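Colleague: The primary structure of each chain is shown beneath.
10 protein chains.
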Amino acid sequence: MEQFISKREAAERIRVARHRAGITWAQIAEQLGVAKEWSTAALLGSHPMTAAQATVVQELLSLDDAVTEALQMQPYRGPLSEDVLADPTIYRFQEAVMAYGPTIKELIHEEFGDGIMSAINFQLDVARRAHPDGDRVVVTLDGKFLDYRW
Amino acid sequence: MEQFISKREAAERIRVARHRAGITWAQIAEQLGVAKEWSTAALLGSHPMTAAQATVVQELLSLDDAVTEALQMQPYRGPLSEDVLADPTIYRFQEAVMAYGPTIKELIHEEFGDGIMSAINFQLDVARRAHPDGDRVVVTLDGKFLDYRW
Amino acid sequence: MEQFISKREAAERIRVARHRAGITWAQIAEQLGVAKEWSTAALLGSHPMTAAQATVVQELLSLDDAVTEALQMQPYRGPLSEDVLADPTIYRFQEAVMAYGPTIKELIHEEFGDGIMSAINFQLDVARRAHPDGDRVVVTLDGKFLDYRW
Amino acid sequence: MEQFISKREAAERIRVARHRAGITWAQIAEQLGVAKEWSTAALLGSHPMTAAQATVVQELLSLDDAVTEALQMQPYRGPLSEDVLADPTIYRFQEAVMAYGPTIKELIHEEFGDGIMSAINFQLDVARRAHPDGDRVVVTLDGKFLDYRW
Amino acid sequence: MEQFISKREAAERIRVARHRAGITWAQIAEQLGVAKEWSTAALLGSHPMTAAQATVVQELLSLDDAVTEALQMQPYRGPLSEDVLADPTIYRFQEAVMAYGPTIKELIHEEFGDGIMSAINFQLDVARRAHPDGDRVVVTLDGKFLDYRW
Amino acid sequence: MEQFISKREAAERIRVARHRAGITWAQIAEQLGVAKEWSTAALLGSHPMTAAQATVVQELLSLDDAVTEALQMQPYRGPLSEDVLADPTIYRFQEAVMAYGPTIKELIHEEFGDGIMSAINFQLDVARRAHPDGDRVVVTLDGKFLDYRW
Amino acid sequence: MEQFISKREAAERIRVARHRAGITWAQIAEQLGVAKEWSTAALLGSHPMTAAQATVVQELLSLDDAVTEALQMQPYRGPLSEDVLADPTIYRFQEAVMAYGPTIKELIHEEFGDGIMSAINFQLDVARRAHPDGDRVVVTLDGKFLDYRW
Amino acid sequence: MEQFISKREAAERIRVARHRAGITWAQIAEQLGVAKEWSTAALLGSHPMTAAQATVVQELLSLDDAVTEALQMQPYRGPLSEDVLADPTIYRFQEAVMAYGPTIKELIHEEFGDGIMSAINFQLDVARRAHPDGDRVVVTLDGKFLDYRW
Amino acid sequence: MEQFISKREAAERIRVARHRAGITWAQIAEQLGVAKEWSTAALLGSHPMTAAQATVVQELLSLDDAVTEALQMQPYRGPLSEDVLADPTIYRFQEAVMAYGPTIKELIHEEFGDGIMSAINFQLDVARRAHPDGDRVVVTLDGKFLDYRW
Amino acid sequence: MEQFISKREAAERIRVARHRAGITWAQIAEQLGVAKEWSTAALLGSHPMTAAQATVVQELLSLDDAVTEALQMQPYRGPLSEDVLADPTIYRFQEAVMAYGPTIKELIHEEFGDGIMSAINFQLDVARRAHPDGDRVVVTLDGKFLDYRW
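Chains as they are written, first to last, in the working numbering: chain A, 983 to 1132; chain B, 983 to 1132; chain C, 983 to 1132; chain D, 983 to 1132; chain E, 983 to 1132; chain F, 983 to 1132; chain G, 983 to 1132; chain H, 983 to 1132; chain I, 983 to 1132; chain J, 983 to 1132.
Simulated from the structure, these hints should not be mistaken for laboratory data.
Keep in mind that a hint or two might mislead.
[Stated by the list, open to error] Just the calculated beta-carbon pair ranges, DEER-fashion:
no., chain 1, residue 1, chain 2, residue 2, range
1, H, Arg1110, B, Asp1065, 51 to 57 Å
2, I, Asp1065, B, Asp1046, 19 to 25 Å
3, G, Gly1116, C, Asp1065, 47 to 53 Å
4, H, Thr1006, B, Asp1065, 41 to 47 Å
5, H, Ser1063, D, Pro1114, 51 to 57 Å
6, H, Arg1110, J, Gln1105, 37 to 43 Å
7, F, Glu984, H, Ala1109, 32 to 38 Å
8, D, Asp1047, H, Ser1044, 50 to 56 Å
9, F, Glu984, E, Val1120, 41 to 47 Å
10, F, Ser1063, C, Ala1017, 38 to 44 Å
11, I, His1113, C, Asp1065, 39 to 45 Å
12, H, Ser1063, B, Asp1117, 48 to 54 Å
[Unchecked claim] Footprint (simulated), chain B over chain I, 3 or more residues, beta carbon under 8 Å:
no., stretch
13, 1040 to 1048
14, 1103 to 1112
15, 1121 to 1131
[What the hints assert, rightly or not] From the structure, some residues in chain C lie toward chain D, with a derived Cβ separation under 10 Å:
no., residue
16, Phe986
17, Arg1002
18, Ala1003
19, Gly1004
20, Thr1006
21, Leu1025
22, Leu1043
23, Asp1046
24, Ala1048
25, Met1055
26, Thr1071
27, Val1079
28, Met1080
29, Ile1102
30, Phe1104
31, Phe1127
Since we're looking at a predicted model, the values are computed, not measured.
From the three backbone atoms N, C-alpha and C, an ideal C-beta is built for every residue, glycine too.
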């Protein structure tokens, strides 16, 4: 049987290949014609790509066939390892959920009733906002409201 | 020594008192003249209130002095108990961090360099966005970029 | 401030009150005009009840006002404590998820594509199926398919 | 000693081989003449196959002998790794057990007395139910009732 | 609402009451006409008692009504707290499962095929065996074989 | 330095070699002239074998020298990995300890005083008991009583 | 039913009562005519006392009857809570087991063969050893060797 | 870059090499002119050796250069893996700390005041003590007292 | 027996009493004539106070006798609960240990040889350092070097 | 695709290469013209290096290109594995945070108000302080104060 690799291994190879090629995540997204948040997530293993999308990336980053195949497999999405969760750049989002989770819950229920923000019918945006005291990172989570419906 | 209560106990009493009074979190914020995300977080224990703010809330919700005092104490911010983290409305945010944490990290570093979004110099917004397929919950996290600086 | 109790404490009182009153969960459901799975879950703390529903239960089981109020509060749904998860009657469902979780995942993706069964737009049924070798417990989980949609 | 592989490794190879061969889990089941839930579980490592069954699969998917041998070994069934349990498609079943586990327990005891639904004398069904608001995933767990009997 | 207590609290009270009354677990079993292993387990919270059985115990140990009621409630069976599992008298059974669990599994499958020893249709015996080098504790676990049957 | 393997790796190889050779655990025990529970435990890594015993097994199962050497090394006995403990055939013994651990403790203390059943000066028996409702698995744990003695 | 308390609660009361009475652990041991290590362990909940011993302590420390009764109950021995294990005075013993556990194991097996030091047929000594660079704490663990014997 | 190995890997190789060479831990210590407890700990990875010491061991056990180099590296000391901690020979020391940890703490504070036994300025002795009821393992922990000193 | 409280409960009362009295931690330290880091730690439960010190605090903060007594008891020092460790003000120190722990270890060994910085013979300083880009928190840990000495 | 290695693997190789080369961490820092704390952290994986810096190190320590590349990759910073955290040299810093964490928090809030010491805009110093009773390790943590600012 021919060699294959996991999506996790594929993500590692893609991080290195992108670094070597000197191409940005945003440029890859542009080539694919999709949001940079979606394509980066797919390349790191959180969404399956079509064969056509995987081929575009393969050419941009000079990847092996095994990587291209892994990009098309159905993912297991989670969890992050402790290594990743404790990284300060990611941990601050955990910290925000800790400090404001119950607040978000109360305000969702007040505005929408008993239900949740979907993390499936969902999109993400990461942007820069200029500010005189220092620029700001603005991350927007945008998901469909789903109500408990028996 | 006079009775005192923890901020966690105060939060429980406030949730019930608000329910009994039939006042919304947004109305409380309006009375305080602050963002509803900040005041709800403060009432649930994540920010200290000034004596003046605590008095406004006391009158709106007919709270005991012990609750008012607790609102002014310096908080310990976290973590959420497992009970709270596993609640589906809050868990979806965990799930989004799981699926997209490394993506957010890559995109912050690509845009800003080596550093983090502050969760201290930080603000939060929870809003509704109308959509023909069903309205959406939009949660915006907005924090100052901090670079690793020796 | 008047006394209040948590939904967990309310559930404990309801279990005892139901035992003392000699009324079945199914009879309570019938009085409420809802599925027995929904009403039992609500009485054990997983769904909020309307004031009208809570009053029906209060009369059937001779409950205190604090219990009735707790039934109407917005719930935190989970997780089960280790005490509850390890109970053999409940653990067998964990065991089934362990043995068949990846199977269910593969078959959902094969039939529906990349997505999930909603646990929010969801209903449950617990029934008896007669069988010559011994009757069987049949539990049906029925949730809307949600596809990953950016 | 000749090479051998674990059932977990075999499952990984089968997932890739099936993807490459473009055959569905249902088609494999049909060739074996068994339920698709049983055969998928067996191929992913939760049931031992007979030599005859393993040979059918070997031919369909062009598998190595080591995979065929692994399929016939007695399995260890569980637990799922955290990676797998946190995948949203599988996690929703955990969430359903969290929200409704005590409800299921009460209703089993009310209908059958003190005992459990067997997860050994047990079968599973995964199906699609058409619905105007969007089709639904219906998962049926069907196990023999076992009463505590000293 | 009248006072009630948990089965765990009831077990604590029974341990003390038995100590004060100077009655053995075996004598209680004899009064109930059941195996001492079953009655001790029931008194410690692992089996529900009938009203008649609970009344016999109430008289023997001068228990409150709340204890008698708790004995009749449907139990949640487990898990043991870490406090209990680490007690050396109980831990040695954990240690035996650690050292011999896979052995027991191989020998059950060799003798019976793919399946388990039921812990539901199950009984237990604790006995003394005289031995010249020091008497021995003999614990017998006896459960129905259940085969995986789809 | 010549190759060597761990006892865990040796156990994996022995499970496969036994399967390929079509020899039962009981037949191996017979060749060794010991109880099948002892020899199976030794082959799976829980007891050291003498060189003579290891050679008998090597010939029966056509094992490499590295396996034979590993069988003679002093073992580390435990714990079982979560993978193994959660296997239903083994988990039922955990469940029995959960349900009956405190019962066993009370009955040992009642019969013998303050002390434990040794898991070192200890033997195990796994047997079949015929029964009209279905045959039963009978597992006997037999260890020397050790009293707390200062 | 008369009040009773747990051994843990009794230990807390004894620590305070000893402090108030200004009596040393060694003096209590002397009154009891036993090693100070045994009596301190018994007073902190790790050994049952006889009624006579408990009465001696009751008089020395002016304890309630509930404490005296608790001292005579059969203990559950462990584990220490994380609070206790992380205390530096106790943690250093954990650290010593971490650094030297495998060394102790190798040397026991080299001297005695396959077996263990009993923690049941066991005694402990805590002493001061004068030393010019600063006095030393000398803790001696002395337990019967038990060999694996089938 | 030339091959290197971890201290853990080195320890595994040394255990096997010692077994093959038929040399005791005590004999190695004698060749090194140090206590057998120190040298065994160093060989298992808990102390760095000098180049001279490592060379003596290399010759005695016919070790590769990579092992000799690893013995000289600065160690990370802990923790033991769960595999090692649960081994009964080592676990009994954990159990002794559980049963007697608070006792040791009280007696150290009574004798020395507020402080600890050092695990750094520390030595260990493992010995046999003959006894008519069976010989005993005597383990002595001997560390400098360190008082809390600001 | 007179009431007593734990050091943890005492710390909670002291935090509230200090807030009510409007006295700073530094002022308390000044009254005691000790470093503010030592006295704050003692008041929060990490060091025992003398009776004289406890009386000074009692008068400053109008504390009950039970608090004063608790301040003099020998402490258990740790660990912090998860609640406390996850607080962002404290967590940043954890994060610094994560990012720089191995660095600190290498530099200590390079400068001092094999050993540790004592956390017992140890003092702490927390100070402000003015800086044009914003003032800085400077925390100094100062402990005696202890070398591994057999 | 050319070989690449993780930063963790790179750190292991650097530790060995430095040992072989007989160069100190301080000398490497001197060649790089940066603080020894920063460069050691970067070499152990906690900061990215520039290509120029990585080349300097490559020449000093004769490293492979894969190591040099890894040094330039963006790091994931944490957490430390349990192996590393439990090492006594590092653990003492954990212990200090345990004993003094709440003290540090109170004193930061008293001096600066509600906020934290940044671990990002942060620098570290490790130094020796001579002392007649034995030299001392002095570790200084110096981070910008960040106030909670909405």
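Colleague: Now, for every hint given, state plainly whether the structure supports it.
Modeller: Hint by hint, here is what the structure shows:
In this structure, H:Arg1110 and B:Asp1065 meet the distance hint of 51 to 57 Å, their C-beta atoms being roughly 53 Å apart. At roughly 24 Å, the beta carbons of I:Asp1065 and B:Asp1046 sit within the given window of 19 to 25 Å. Hint check: G:Gly1116 to C:Asp1065, Cβ distance near 49 Å, so the stated range 47 to 53 Å holds. A hinted range of 41 to 47 Å is violated for the C-beta pair H:Thr1006 and B:Asp1065, which are about 55 Å apart.
Between H:Ser1063 and D:Pro1114 the beta carbon distance is about 56 Å. The supplied range of 51 to 57 Å therefore holds. A C-beta distance of roughly 54 Å is found between H:Arg1110 and J:Gln1105, which places it outside the suggested range of 37 to 43 Å. At about 34 Å, the CB distance of F:Glu984 to H:Ala1109 agrees with the hint of 32 to 38 Å. At roughly 39 Å, the beta-carbon separation of D:Asp1047 and H:Ser1044 lies outside the given 50 to 56 Å, and the hint is violated.
The hint said 41 to 47 Å for the Cβ distance between F:Glu984 and E:Val1120, and at roughly 45 Å that hint holds. The supplied range of 38 to 44 Å is met by F:Ser1063 and C:Ala1017, whose beta-carbon atoms lie about 41 Å from each other. Take I:His1113 and C:Asp1065: their Cβ atoms lie about 52 Å apart, and the range 39 to 45 Å is violated. Between H:Ser1063 and B:Asp1117, the C-beta spacing of about 51 Å keeps the proposed range 48 to 54 Å intact.
Given a C-beta distance limit of less than 8 Å, the hint that chain B covers the stretch 1040 to 1048 of chain I holds, as 3 residues qualify and 3 suffice. As drawn, the stretch 1103 to 1112 of chain I meets chain B at 0 residues by the rule of a beta-carbon pair under 8 Å; below three, the given contact is violated. For the stretch 1121 to 1131 of chain I, the stated coverage by chain B is not satisfied: 0 residues place a CB nearer than 8 Å to a CB of that chain, which falls below the threshold of 3. Because the smallest distance between the Cβ of C:Phe986 and any Cβ of chain D comes to about 22 Å, over 10 Å, the interface hint for this residue is violated.
For C:Arg1002, the suggested interface contact is broken, since its CB lies about 15 Å from the closest CB of chain D, more than 10 Å. With 10 Å as the threshold, the beta carbon of C:Ala1003 stays out of range of chain D, its nearest partner Cβ sitting at about 14 Å, so the hint is violated. Against a cut-off of 10 Å between C-beta atoms, the interface hint on C:Gly1004 is violated, since the closest Cβ of chain D lies about 12 Å away. Using the Cβ-Cβ criterion of 10 Å, the hint placing C:Thr1006 at the interface with chain D is satisfied: the shortest such distance is roughly 6 Å.
The beta carbon of C:Leu1025 is positioned within 10 Å of a beta carbon in chain D (closest approach about 9 Å), and the interface hint is therefore held. Hint on C:Leu1043 is violated. Least Cβ distance to chain D is approximately 14 Å, over the 10 Å limit. For C:Asp1046, the suggested interface contact is broken, since its CB lies about 21 Å from the closest CB of chain D, more than 10 Å. At a threshold of 10 Å, the smallest CB-CB gap from C:Ala1048 to chain D is about 20 Å, leaving the interface hint violated.
With its C-beta approaching chain D no nearer than about 16 Å, C:Met1055 sits outside the 10 Å limit, and its interface hint is violated. The criterion of a C-beta within 10 Å of any C-beta in chain D is met by C:Thr1071, whose closest approach is roughly 5 Å, and the hint holds. For the restraint placing C:Val1079 at the interface with chain D, the shortest Cβ-Cβ distance is roughly 5 Å, inside the 10 Å limit, so the hint holds. Checking C:Met1080 against chain D by beta carbon gives a least distance of about 4 Å; that is within 10 Å, so the hint holds.
Given the 10 Å rule on beta carbons, the hint for C:Ile1102 holds: about 9 Å separates it from the nearest Cβ of chain D. With its C-beta approaching chain D no nearer than about 7 Å, C:Phe1104 sits inside the 10 Å limit, and its interface hint holds. Annotation: C:Phe1127 was flagged as interfacial toward chain D, and the flag holds, the nearest CB pair being 5 Å apart, inside 10 Å.
Of the numbered hints listed earlier, those contradicted by the structure are 4, 6, 8, 11, 14, 15, 16, 17, 18, 19, 22, 23, 24, 25.
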